[in-house]
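As you go down the protein sequences, you meet chains A and B in turn. For the first sequence, the numbering used here gives the first residue as 1, with consecutive numbering after it. For the second sequence, the numbering used here gives the first residue as 1, with consecutive numbering after it.
Every clue listed holds true.
What follows is a list of derived Cβ distance ranges for each label pair:
1) A:ARG39 / B:GLU62: 17 to 25 Å
2) B:GLU62 / A:ASP19: 35 to 43 Å
3) A:ARG98 / B:HIS60: 30 to 38 Å
4) A:ALA53 / B:ALA53: 43 to 51 Å
5) B:ALA24 / A:GLU121: 15 to 23 Å
6) A:ARG18 / B:ALA24: 45 to 53 Å
Selected chain A positions facing chain B (Cβ under 7 Å, derived; list incomplete):
7) VAL65
8) LEU76
9) TRP123
So the derived list for chain B, only partly shown, Cβ under 8 Å to chain A, looks like this:
10) THR38
11) ARG39
12) GLU40
13) GLY68
14) ASP69
15) ASP72
16) CYS74
17) PHE105
18) GLU108
19) GLU111
20) LEU119
Calculated directly from the structure, the hints in this document are not laboratory data. All of these numbers come straight from a predicted model, not from anything done at the bench. Even glycine gets a Cβ: it sits at the ideal position worked out from N, Cα and C.
Here's the letter readout for the chains.
2 protein chains.
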Amino acid sequence: MGEAQALVAAFAERLERRDWPGLAELLDPDVVYEIPQTRERIRGRERYVTFNARYPGDWHVEPRVVLGDDHDGCLLFRWTLDGESSLAVAFFEIAAGRITKVTDFWPEPYEPPPGREHLVERW
Amino acid sequence: MGEAQALVAAFAERLERRDWPGLAELLDPDVVYEIPQTRERIRGRERYVTFNARYPGDWHVEPRVVLGDDHDGCLLFRWTLDGESSLAVAFFEIAAGRITKVTDFWPEPYEPPPGREHLVERW
Numbered sequence: 001m002g003e004a005q006a007l008v009a010a011f012a013e014r015l016e017r018r019d020w021p022g023l024a025e026l027l028d029p030d031v032v033y034e035i036p037q038t039r040e041r042i043r044g045r046e047r048y049v050t051f052n053a054r055y056p057g058d059w060h061v062e063p064r065v066v067l068g069d070d071h072d073g074c075l076l077f078r079w080t081l082d083g084e085s086s087l088a089v090a091f092f093e094i095a096a097g098r099i100t101k102v103t104d105f106w107p108e109p110y111e112p113p114p115g116r117e118h119l120v121e122r123w
Numbered sequence: 001m002g003e004a005q006a007l008v009a010a011f012a013e014r015l016e017r018r019d020w021p022g023l024a025e026l027l028d029p030d031v032v033y034e035i036p037q038t039r040e041r042i043r044g045r046e047r048y049v050t051f052n053a054r055y056p057g058d059w060h061v062e063p064r065v066v067l068g069d070d071h072d073g074c075l076l077f078r079w080t081l082d083g084e085s086s087l088a089v090a091f092f093e094i095a096a097g098r099i100t101k102v103t104d105f106w107p108e109p110y111e112p113p114p115g116r117e118h119l120v121e122r123w
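Make the full structure from the sequences, and use the hints.
Have a look at this one:
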């Protein structure tokens with residue numbers, strides 16, 4: 001298990017517990033948070049912890065897959081917000097034992113394109 | 001580096017090369033492919049290779065992050081289709097040296113919710 005895997009597991013656990021000082025300990029002071037889908041970026045540990053602490057609603061993070069080597073980590077998690085749940089993904093970069101970058105993906109449902117029905121089943 | 005990491009790297013490389021026999025070698029005969037966003041599922045190596053081989057357009061897979069342990073792997077990649085590109089993510093399960101499950105996520109752009117502009121910059 002790489003160092004990033006342990007950091008990602010701790011990140012998810014402290015986020016779920018709303019342990020904001022504990023979460024901050026895992027983050028580099030200059031951590032960068034990005035959501036490529038909205039092209040949003042947050043710079044710095046203080047703002048990023050505030051963003052999480054003030055995120056509205058009754059939300060929960062349930063890890064499904066946690067992976068990492070010495071530089072990169074990833075988290076597949078079930079995200080539940082006010083009783084509705086979906087799968088989401090985060091990637092992490094680490095350096096000197098702290099998280100330096102978090103990249104979040106929030107995949108939304110969509111209708112499949114036509115032409116592959118003969119290969120596919122729906123659930 | 002876990003076994004899954006090597007399998008995921010080979011998967012991406014053979015997909016990009018359209019090496020369909022080589023791709024099939026990496027897959028369990030009963031491999032399951034799922035897209036949670038569309039609730040689509042493809043069962044079996046033959047159908048899944050056909051799905052990839054017939055995927056329309058000029059598409060390219062450029063790995064950004066490849067991670068894996070002895071059971072799970074993940075791939076963050078730049079997906080380019082007919083000149084338009086975005087980031088996408090796949091998770092993998094492996095057993096006995098072959099890929100038994102592939103789960104794809106295709107995150108689409110969306111507008112951010114209001115209320116966090118004071119913490120965020122856009123790009």
